[in-house]
Amino acid sequence: MPFEGIGAAVRRKEDVRFLSGRGNYTDDINRPGQLHAYVRRSDRPHAKIDRIDTAAAAKAPGVVAIYTGADMAADNIGGLPCGWQIHNKDGSPMKEPPHPVIALDKVRHVGDPVAVVIAETKQAAKDAAEQIVIDYQDLPASASLRDAIAPGAALVHDDAPGNLCYDWHIGDKAVVDAAFAGAAKVVKLDLTNNRLIPNAMEPRAAVGEFDGHSGDYTLYTTSQNPHVIRLLMGAFVLHIPESKLRVVAPDVGGGFGSKIYHYAEEAIVTWAAGKVRRPVKWTAERSESFMSDAHGRDHDTTAEMALDADGNFLALRVSTLANMGAYLSTFAPCIPTYLYATLLAGVYKMPVIYCEVKAVFTNTVPVDAYRGAGRPEATYLLERLVDACAYDTKTDRVAIRRKNFIPADAFPYQTPVALQYDSGNYQATLDACLKAVDHAGFEARRSAAAAQGKLRGIGISTYIEACGIAPSAVVGSLGARAGLYEVANIRVHPTGSVTVFTGTHSHGQGHETTLAQLVCEQLGVPMDQVDVVHGDTAKIPFGMGTYGSRSLAVGGSAMVKAMDKVIAKGKKIAAHLMEASVDDIEFKNGTFSVAGTDKSKTLTDISLAAYVPHNYPIEELEPGLDETAFYDPKNFTFPAGCHIAEVEIDKDTGIVEVVNFVAVDDVGRVINPMIVEGQVQGGVAQGIGQALLEHGVYDKSGQLLSGSMMDYTMPRADDLPNITVGTEVTLCTHNPLGVKGCGEVGAIGSPPAIINAIIDAMKEYGVRHVDMPATPGKIWSIIQGAAPRMAAE
Amino acid sequence: MPQVTLTVNGKQHTVEVEGRTLLVELLREKLGLTGTHVGCDTSQCGACVVHVDGVSAKSCTMLALQADGTSVLTIEGLAAADGTLHPMQEMFREHHALQCGFCTPGMVMAAVDLVNAHPEGMTEKQIRQGLEGNLCRCTGYHNIVKAIAAAWPLMHNKAAAAE
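Top line first, the protein sequences correspond to chains A and B. In terms of this note's numbering, the first sequence has 681 at position 681, counting the first letter as 1, and numbering is strictly consecutive. To convert a position in the second sequence, counted from 1, into this note's numbering, add 1000.
Next comes chain B alone, as it looks inside the complex:
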């Protein structure tokens, strides 16, 4: 079987995979990182979103072999080493942006990338459109949108400007 070498949450792994193994299967089944979820089989739901080399990607739509040589960040690696939550995680908690928690890892990872990509700021409409790749069945998105808007100034060090 072919081998893939990649860095996941700062730690390097070399893993044997089938050619057809998906990145999400590698993460969940080979590395035991079950925080990344699979919610569909048509690349619609975004529960599997991780960052590959700093950019969000649906890990159900990427072969493990395509991730060879990359650096992958999953939900397990988002908080600081001392356990301090990332501002996006903290704002999701503060604004009740999760209920069952199943879409949450993908939603948070997608949201982090969305905010990173928009240092100039975002309107509510832009946030809603930016979430088009992620489904949530519990919240109606209202509080997710609020959480992302609240995380933006924290992530761009503009806490004062947010007041």
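Excised from the complex, chain A in its bound form:
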């Protein structure tokens, strides 16, 4: 048997299915008698709904039903719930305005659902939806952060004065202010973190079904966490007990956070299926995705660093405006607070930190977690600020980082912003990355580029993130309305094959392979005898899903715990069969043996005995070999590393080309290096997208200008470089696998590396900062603006 355990670059089990067109995505599912839903959405950013006339539409061919918000209200359907409550500086709770599934009296963003048509075909539903007449009374809109907090700004919600959702802070302001007052040098930077639109390649879709015999509902949906959807939709929206509601998230074509949340359409198709007593399917068109999938980022920040005369960091002071959009998406409030400000120490000895965050409602699509979620915003701020410190104090960018790094022997390390890092070695990842990129040879490459008329620059980012979320009691104390443990059920079948039922969900991460490798390693069962089942609440005991790079650190740990139980029970059965003491039974490579003898039984012998218990300790032991474990993590995990980018800028066009990118990450123990490399590369691609190309843009009136793939720049193959990935390993100290998580590091570490490289490339122009995305127009304008001044000097 080839080595397939921990550390093997096993080719993925799921690939043949996907490569042959045999994936089973939600839109591929068709149920007998199925109808189709089309959602008529607001084309207004902010308006009062005076009248909805569905009479003509109801007579259109193929139409079965048309529902509005009033119909849902009449059925006592609740609003979409928010899963996290933040408290203000004064201890009062955040504003949490209602979020109707279908708009009631007002629409608050372009894309807000106003009515839904259920018809025999999708085309019929769409045709009829166009015949719905809606009388709007347009209201002034608050489309941007700055507009929304201006005095007299239009209110998105009447009960949220100043459009303020919350005004939160962390740290001791007085202490930090005192540190600034005594500092030798203060470096300040204003920056934005550009709004992103996730654009997983699979548009969201949902199929609702109602069984009139049993009264059971089934929802097939494009979700990263079907159990969470079952809980939220069942308990808060449709009032269906969990026992009567099954949620299936089959193959899901990418998520990146955008498929965590409970969306209106999931509730609509499930509720409507019960109303019309036929299955109802909805699939987003991409333009609907742009105006209804939760967006990401969108921060406006002022950051200041206090330094002593030797360049040691003394204090960090940060003030951030964070866009929530028009309604609170499921986890929105925790992103710019506990997933952001708690990461502001970065990889540095930062004695004190103060951060205040105002979360603001705007007439835009709700904003929630997108790959990295809060941590990219913290990393971008900090790594840009560190470069600005080097710039302002004329210090080497590598040296200032080394000087301030948390040393490798300082772990566990308590930061001033709540987190305790368990392990890491930031010098090691920096050294490895500098070597891999040939940092020493950079100036020669810069000169060679200059000879070709190009501006070449190099940028470094040394980042940390917190993932493997999260200890339930900790997040509960911070406002989470859920626990964040994970669940695994390991079923050893009578003939020795194994099914893993995991509460995590794979939507590109390759769990069917990586999780099978864990079984291979611990139980000695070959990969082809292991199946991984995820995404179905009817099969899996429970689970919190996949986000925050938690699947291995939390879900994998639950599997280890369940497999420990399998082995413990197996030892008792083996002891009985081999007439030995349990204490003398050893388990290794799939075999139970009696220590010091040649007596042994395979796992298959034991599982067969467990299910055919003719010769079995039946008085003491239940039959079967099927164990479940819940695992609640003890801490977050802390992947960290170094990303270095080299860019070349064409002075005539302003086009920035990333000519080299190296990432060296410490993600803890690596189970499948091939998959880790792919995860990092994909994350880096999204980070380069953020830094150079992507921007969710609204005009002043609240219209989404970047509302299609023709207007929103998705990174294409010829926009990106080859991405070299290396790993350095320090083990996580508090989970049994030593793993930290790799799904988000690419998107977290890379954006500041790109911008830092651009600033370096443009240093002759006296540029200290440029906001993302660094588009050709922006760069060209800077070069043009700077050119005359340089000529005059």
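Everything labelled a hint here was simulated from the structure, so no lab data went into it. Because the structure is a prediction, the values reported are computed rather than measured. Glycine included, every Cβ here is placed at the ideal spot set by N, Cα and C. Don't take each hint at face value.
To be clear about the criterion: a stretch of chain A counts as covered by chain B if any three or more of its residues have a C-beta under 8 Å from a C-beta of chain B, and this derived list gives those stretches [as the list claims (entries may be wrong)]:
| hint | stretch |
| --- | --- |
| 1 | 12 to 19 |
| 2 | 195 to 203 |
| 3 | 247 to 253 |
| 4 | 284 to 296 |
| 5 | 498 to 510 |
| 6 | 717 to 728 |
Add chain B to chain A, keeping to what the hints say.
Chain B alone, transformed into the frame defined by chain A:
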């Protein structure tokens, strides 16, 4: 309703369609070939790429009626009859060129056509430019480019030259 007759993966079908029905809708909804995906509504993403008479085409941008009399190859028909993967499929698997799998059918079909069209060989840059009609959000393209480069010698029977 008008009828369209076409061959899909070697099998002839005659199907009634609306005038506005797209080729991808015919494939997915009438023939149940759900391997071909729809990822956008502006002809940007390429998840729907199939071969029409041997050349790659975005099936979301072609009316079903335009495919009358043609021979269409979808991802379901790419592997050999005995299930042996096409070299492009095999290289995608070998080089981890897919993650969520949603863009994969279109990406593979586009890549097959790209390699077929370049018997003289391709630089990495040409491969990247050749993929301009296909979006992937998961991989960063690095491994897709590698897979296509590795499939080229296999498809042009130049395995030895590739060493």
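Structure-based check of each hint:
no. : hint       : in the structure
1   : 12 to 19   : holds (count 7)
2   : 195 to 203 : holds (count 5)
3   : 247 to 253 : holds (count 3)
4   : 284 to 296 : holds (count 3)
5   : 498 to 510 : holds (count 4)
6   : 717 to 728 : holds (count 5)
Of the numbered hints given earlier, the model fails none.
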